[in-house]
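Enquirer: Given next are the chains, with one letter for each unit.
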Amino acid sequence: MDQIIKIQQLSASYDGKPALKNITAEIPENRITAIIGPSGCGKSTLLRAINGLLWQEAGAAVSGSVLLCGTDTKTISPEELRRRIGLVFQTPSPFPFSIYKNLTYGPLYFGHPTKAQLQARAEEVLKATGLYEEVKNDMKKSALKLSGGQQQRLCIARALTVDPQVLLLDEPCSALDVKNTQIIEELLLQMKKDRTVVIVTHNIAQAQRIADKVLFLYEGSLLEEGSAEELFACPRHEKTKEFLSGRIG
Amino acid sequence: MKKAFDRAFTVLIAALTAVSAAALAFVIFFIVKEALPLFETVSLKDFLLGQRWMPIAYTGSVSFGIANFIAGTLYVSFAAMVLALFFSLGCAVYLSCVATDRQRSLLYPVIDLLAGIPSVVYGFIGIVVLLKLMMKLGVRTGSCVLAAAIVLAIMLLPYLISGCSESMLKMKNRYMPASDAMGISQWHAMAEIVIPAAWKNILLTMVLAVGRAMGETMAVMMVMGNANLFPRLLGKGETIAAVIALEMGTAEYGSDHYHALYAASMVLMLLLFVINIAISLLRKRLLEKEV
Ligand SMILES: Nc1ncnc2c1ncn2[C@@H]1O[C@H](COP(=O)(O)OP(=O)(O)O)[C@@H](O)[C@H]1O
Ligand SMILES: [Mg+2]
Numbered sequence: 001m002d003q004i005i006k007i008q009q010l011s012a013s014y015d016g017k018p019a020l021k022n023i024t025a026e027i028p029e030n031r032i033t034a035i036i037g038p039s040g041c042g043k044s045t046l047l048r049a050i051n052g053l054l055w056q057e058a059g060a061a062v063s064g065s066v067l068l069c070g071t072d073t074k075t076i077s078p079e080e081l082r083r084r085i086g087l088v089f090q091t092p093s094p095f096p097f098s099i100y101k102n103l104t105y106g107p108l109y110f111g112h113p114t115k116a117q118l119q120a121r122a123e124e125v126l127k128a129t130g131l132y133e134e135v136k137n138d139m140k141k142s143a144l145k146l147s148g149g150q151q152q153r154l155c156i157a158r159a160l161t162v163d164p165q166v167l168l169l170d171e172p173c174s175a176l177d178v179k180n181t182q183i184i185e186e187l188l189l190q191m192k193k194d195r196t197v198v199i200v201t202h203n204i205a206q207a208q209r210i211a212d213k214v215l216f217l218y219e220g221s222l223l224e225e226g227s228a229e230e231l232f233a234c235p236r237h238e239k240t241k242e243f244l245s246g247r248i249g
Numbered sequence: 250m251k252k253a254f255d256r257a258f259t260v261l262i263a264a265l266t267a268v269s270a271a272a273l274a275f276v277i278f279f280i281v282k283e284a285l286p287l288f289e290t291v292s293l294k295d296f297l298l299g300q301r302w303m304p305i306a307y308t309g310s311v312s313f314g315i316a317n318f319i320a321g322t323l324y325v326s327f328a329a330m331v332l333a334l335f336f337s338l339g340c341a342v343y344l345s346c347v348a349t350d351r352q353r354s355l356l357y358p359v360i361d362l363l364a365g366i367p368s369v370v371y372g373f374i375g376i377v378v379l380l381k382l383m384m385k386l387g388v389r390t391g392s393c394v395l396a397a398a399i400v401l402a403i404m405l406l407p408y409l410i411s412g413c414s415e416s417m418l419k420m421k422n423r424y425m426p427a428s429d430a431m432g433i434s435q436w437h438a439m440a441e442i443v444i445p446a447a448w449k450n451i452l453l454t455m456v457l458a459v460g461r462a463m464g465e466t467m468a469v470m471m472v473m474g475n476a477n478l479f480p481r482l483l484g485k486g487e488t489i490a491a492v493i494a495l496e497m498g499t500a501e502y503g504s505d506h507y508h509a510l511y512a513a514s515m516v517l518m519l520l521l522f523v524i525n526i527a528i529s530l531l532r533k534r535l536l537e538k539e540v
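Line by line, the protein sequences are chains A and B. Each residue of the first sequence is one higher than the one before, counting from 1 in the numbering used here. Each residue of the second sequence is one higher than the one before, counting from 250 in the numbering used here.
If we strip away everything but chain A, and leave its shape as in the complex, we get (with noise of 0.2 Å):
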């Protein structure tokens, strides 16, 4: 199994406060790795770190490196880097555009497709997030008019768009119903075929049932990291058993 992106000794801190304190993780290829913890524990620093936008925040002092097929991230210009690994936000954020525009403002940006491929693309695209039939009749309709769910499968179908090597996802479904939740979990599940996802998640039963790799994050250290059957069936830390019971949260 080979491992797609490489963290090492990264941490991160805002004004002094430390966010991340010397992680050092690996990500399985087309692999489902979860991370959890505590909010506030840096899951979102973390994935920010990854898809390089950590660098760029004005108030954040970052060292170490992330890795990604053995390049040093900093070394790749952002644009190629968040082609390669996409994001998805906790709160949808479609743009202001129709449904079409917003499947097609990534790939117009990055190249010079034709209009059938854009066509192909977009419907691709929302196969893969079971959009299509309930937006086939129109694209045309504004993103924003999307309910909540149909706007985060949406905003999924987006980042897909580019077609990035990994995805990562900061909590895509604490906001949405169980039916949307499920969607989202087949989805990640057939993904992971071609494509590597990386998921925040502070939902444990979720984590259970998609993740194949876990990272347990805690005041900012990794506190414990492993397969999910091994994690999930005897945690060999303190706070990771307390965590997983549902004692601190």
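Derived by calculation from the structure, the hints in this document are not laboratory data. Treat the numbers as computed from the prediction; the structure is a model and nothing was measured. Some hints could be false.
[To be verified] The list that follows gives simulated cross-link-like pairs (lysine-lysine, PhoX-like), each with its CA atoms no further than 20 Å apart:
(1) 6/A / 74/A
(2) 115/A / 127/A
(3) 115/A / 101/A
(4) 533/B / 145/A
(5) 127/A / 140/A
(6) 127/A / 179/A
(7) 449/B / 145/A
(8) 449/B / 141/A
(9) 419/B / 533/B
[Claimed, not checked] Away from chain B, derived, C-beta distances all over 10 Å, residues of chain A:
(10) 18
(11) 24
(12) 74
(13) 187
(14) 191
(15) 195
(16) 247
Glycine included, every Cβ here is placed at the ideal spot set by N, Cα and C.
Put chain B with the ligands on the given structure of chain A with help from the hints.
Expert: Just chain B with the ligands, lined up with the frame of chain A:
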């Protein structure tokens, strides 16, 4: 106790609102009442479309046509808005997307300060600086519509800049993180997302600015030449507000001249009324869209 206080407060607020509404109603009533007698001697058509404004019969007959003043008001207001718009869009893009929080917190008070300068000061600077420049450019006395439009444009800048940059900043904060996470350059996102999303609010700010410009009197009067001519960029012109301000003091009470000035006020008021209706319609459409 608290309840009684609440009730007293409600009554007080209602009373104050009623007083302001009554004051406004009175002003409108008064203007209309003083304006109407004019139309016993002059037809509405001649008044609105006539180009001759001869309030006193020195030579020949009197005549009350305010077409040129209406045109002057509209011309100078829109010219000022167009001049100011490009500049303020540029400033707004800088303020919302380039400036750091610290620079913003320094620049906004300065912009607000500009809005607080009395208009006579702008007019004075217009006379001292702009009219000289215009004379060099070959405009006889320097006074012209262009000079007035420039002065007015400068006066509109603070409103346009803060209005445009606020709506752009709002849109940037809302949509830029997602675009950033896709690796798309800031300028591309600015042009493709932020400005189009802020566009309706920018339009609203523009209409508001035109409204302000139409009522502006002093600074415009000081540099526009105040001749009853159809406005041309380098020619003289006169606005409705200027006619009223210049002649009200000398018009004999109850004369046709006096009534004509009130009728002109009524026209100006109607123009502003139309602008306000446009604003509320626009705002309503905006709100509908946002939900
Ligand atoms: N932009 C920021 N400015 C200042 N502090 C931040 C910022 N982003 C995150 N932090 C701090 O870093 C820590 C980790 O935050 P975050 O990664 O968002 O946690 P999580 O996603 O696990 O809830 C928190 O203590 C938070 O207050
Ligand atoms: Mg978070």
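Enquirer: Taking the numbered hints from earlier one at a time, note which ones the structure violates and give those numbers from smallest to largest.
Expert: Going through the list in order, the structure violates no hint and respects every one.
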